[in-house]
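2 protein chains.
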Amino acid sequence: MSDFTKRKSKEEVISSLKGIALEMHNKMERGTPPTMTLPVRSKTNIAFDQKLEVYKYGKKKTIRDATSLGSARQLLRSLYVTEFIEQMIEAGKSSTLREMYYISESWGHGKFGTQNDSNNLAEDLEIVTKCLREDFKLRPEEDGARIIGDVTFEEKNRKGDWMRINCRDDVGDSGYGVPYNVESEKLKLITEDVDFIMAIETGGMFDRLVENGFDEDARCALIHLKGQPARSTRRIMRRMSDEWKKPIIVFSDCDPWSFRIFASIAYGAIKTAHISEYLATKGAHYLGITADDILAYDLPSDDLTKQDLNALDAELTDPRFNSGYWKEQINLMKELGKKAEQQSLAKYGLDFVTDTYLPEKLSAIGLDY
Amino acid sequence: MSDFTKRKSKEEVISSLKGIALEMHNKMERGTPPTMTLPVRSKTNIAFDQKLEVYKYGKKKTIRDATSLGSARQLLRSLYVTEFIEQMIEAGKSSTLREMYYISESWGHGKFGTQNDSNNLAEDLEIVTKCLREDFKLRPEEDGARIIGDVTFEEKNRKGDWMRINCRDDVGDSGYGVPYNVESEKLKLITEDVDFIMAIETGGMFDRLVENGFDEDARCALIHLKGQPARSTRRIMRRMSDEWKKPIIVFSDCDPWSFRIFASIAYGAIKTAHISEYLATKGAHYLGITADDILAYDLPSDDLTKQDLNALDAELTDPRFNSGYWKEQINLMKELGKKAEQQSLAKYGLDFVTDTYLPEKLSAIGLDY
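Going down the list, the protein sequences come from chains A and B. Using my numbering, read the first sequence as starting at 60 and increasing by one per residue. Using my numbering, read the second sequence as starting at 60 and increasing by one per residue.
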């Protein structure tokens, strides 16, 4: 496993960050312009890692070199961000990426142009220091997932106390809200009495399965992904897979964006390919809605838009979808010219999904219940 | 108070819905085409109700008449929806509005054209029957609010047991997730030890106030609105205002959409003006970010877009904003040509909002802490 999975102390995080400043300083003393070397972060530079069984960045590199103005600005920002993170760690604080963007107002030439700049830099620093953004105390804006089912976690609360929460008995209808940091210093996996984990794209379907008692009938934990899953959502699934040896089953809409959600869970996301072995769960299974399902279950569907078609074409050149299964699904969807939502199963009534669809689909992969 | 606030039994709900069918049937027997009379649901037909102190629909009506095809279709749908709701109530089920849209696939000529049609019809039926959508067991897609602070609720879980949850001690960092139904049969307000309730637009700012311990320092409960607040979010604020007599303070971005969020909380939303006395909290206070704040605190801001300017102009002819305060704010924002986010306060560091901004703004309205 890479260095990322070895948890670092506060001191190690600060020292890794300071290492960047030191290296720049040393280069300047030697009369060499400071540089920072980073992998190219696009789909043209990800490849399957045979050992880790997830997609990682390949060999293509970009070099930030202080002799060009844009790169020099990025290096300056790295120094300001380092200082900011050090202050947060010392004060026991965290901040959103958006707050960091605004804080850069006082960084002179280091001020971020856009929010995207600050997000990317946080990931760059992960790559260079082999620390995690969570170690840097930087949080995303989006909410984490919700979980319902017979699994028990311990979360360290603001006061430093460990609270034990069973996601079936100790939560209301909306379930357990996953915090942004799900590493062992913040969250522990305690006990479970489930056979698998089902990750669900939409809130409506999550609520349907909860109301129908699917978690109890099928002995599973349900996770609401909330669209493109946050890092903490992907990480907690990976931990449940590693520590509890439970299969991760993904149940989403049938559209190109849902395929990407699955790819980020099972293979690794392009933006975070430097930590795929941390966030992605090899062997996660795409249950549906598949393009075949639209035909097999005669589901209400919508026409693919131009954006949808472009996204499907992009997927055909994405190494993560370079398998017989995905090529077939993508080509079938293009042929049909249709996409369908999870909730379209309601065409046959509110119980069809739990009485018919899921038992059939789960049985096909050997998960009878 | 109107009939809406008297909670109805399952039998009363079913009988109200059947009343619609009966009335149509009777008219047809008499040889008269069935009709349904509804208020015009737009800003041109809302007015301040002196007694209820919220905005309600005025006198303009539209009549659905079975002699036109579109109206006849709507009447047919009403009958199908009535039957569907009755089945759900009897089975102890609920459904999302999206599911109802898909279920209408089998309703022949009653099939909904768009999701919007099904949403609007649910509201129409509320008006005609004086029941609530929650009585009909229809749920929205969006998640409810999150709450953190020293307030205690009891929520009835799926098994019918009442669970007591303190929103400071019994929840993780993400807080208590408000369910879609917050009526007394589902949720009880038990105890509180706070001086006010602060409703916050963005997740980033909610998390900031939580991390800074603002709920404890300022003795308040914090609610994350998640943008335009769900009905359950507005309703739970109204209940906390009524039952606990606590002021509701709204802290949002400074842009035209945030002003609408506030209006829906304090005055009533246009789409739900038939139940404003149920969802809106008279006396809710808009704390900021105000247009003045952009100047007073020299906040980082963005230029207003064409859409923003159109929204501001629309607000100038919205009766809810027809006050000196709002006219001044809206005109000042137009004059500046700028909007600003809550998180822009981070320009002055992560503690500025809790050390300086909120104490100053709260003190100005007599809420010193």
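Simulated from the structure, these hints should not be mistaken for lab results. Think of the CB as a built atom: it goes at the ideal place given N, C-alpha and C, for glycine as much as any other residue. One should not assume that every hint holds.
[As the list claims (entries may be wrong)] Interface residues of chain A toward chain B, partial, derived using beta-carbon atoms under 7 Å:
#1 Gly151
#2 Ile186
#3 Val187
#4 Phe411
#5 Thr413
#6 Thr415
[As the list claims (entries may be wrong)] Label pairs and their in silico Cβ distance ranges:
#7 Asn179(B) with Lys341(A): 52 to 58 Å
#8 Met222(B) with Ser68(A): 51 to 57 Å
#9 Glu213(A) with Pro418(B): 58 to 64 Å
#10 Arg278(B) with Lys120(A): 35 to 41 Å
#11 Phe107(B) with Arg278(A): 24 to 30 Å
#12 Glu213(A) with Asp252(B): 42 to 48 Å
#13 Arg89(A) with Glu419(B): 49 to 55 Å
#14 Gln287(A) with Asn216(B): 50 to 56 Å
#15 Gln146(A) with Asp351(B): 51 to 57 Å
#16 Gln287(B) with Asp357(A): 49 to 55 Å
#17 Glu70(A) with Glu419(B): 50 to 56 Å
#18 Arg278(B) with Asp176(A): 55 to 61 Å
#19 Asp228(A) with His84(B): 44 to 50 Å
### Index of numbered hints that the structure contradicts, given in increasing order
Failing hints, ascending: 1, 2, 3, 4, 5, 6, 7, 8, 9, 10, 11, 12, 14, 15, 16, 17, 18.
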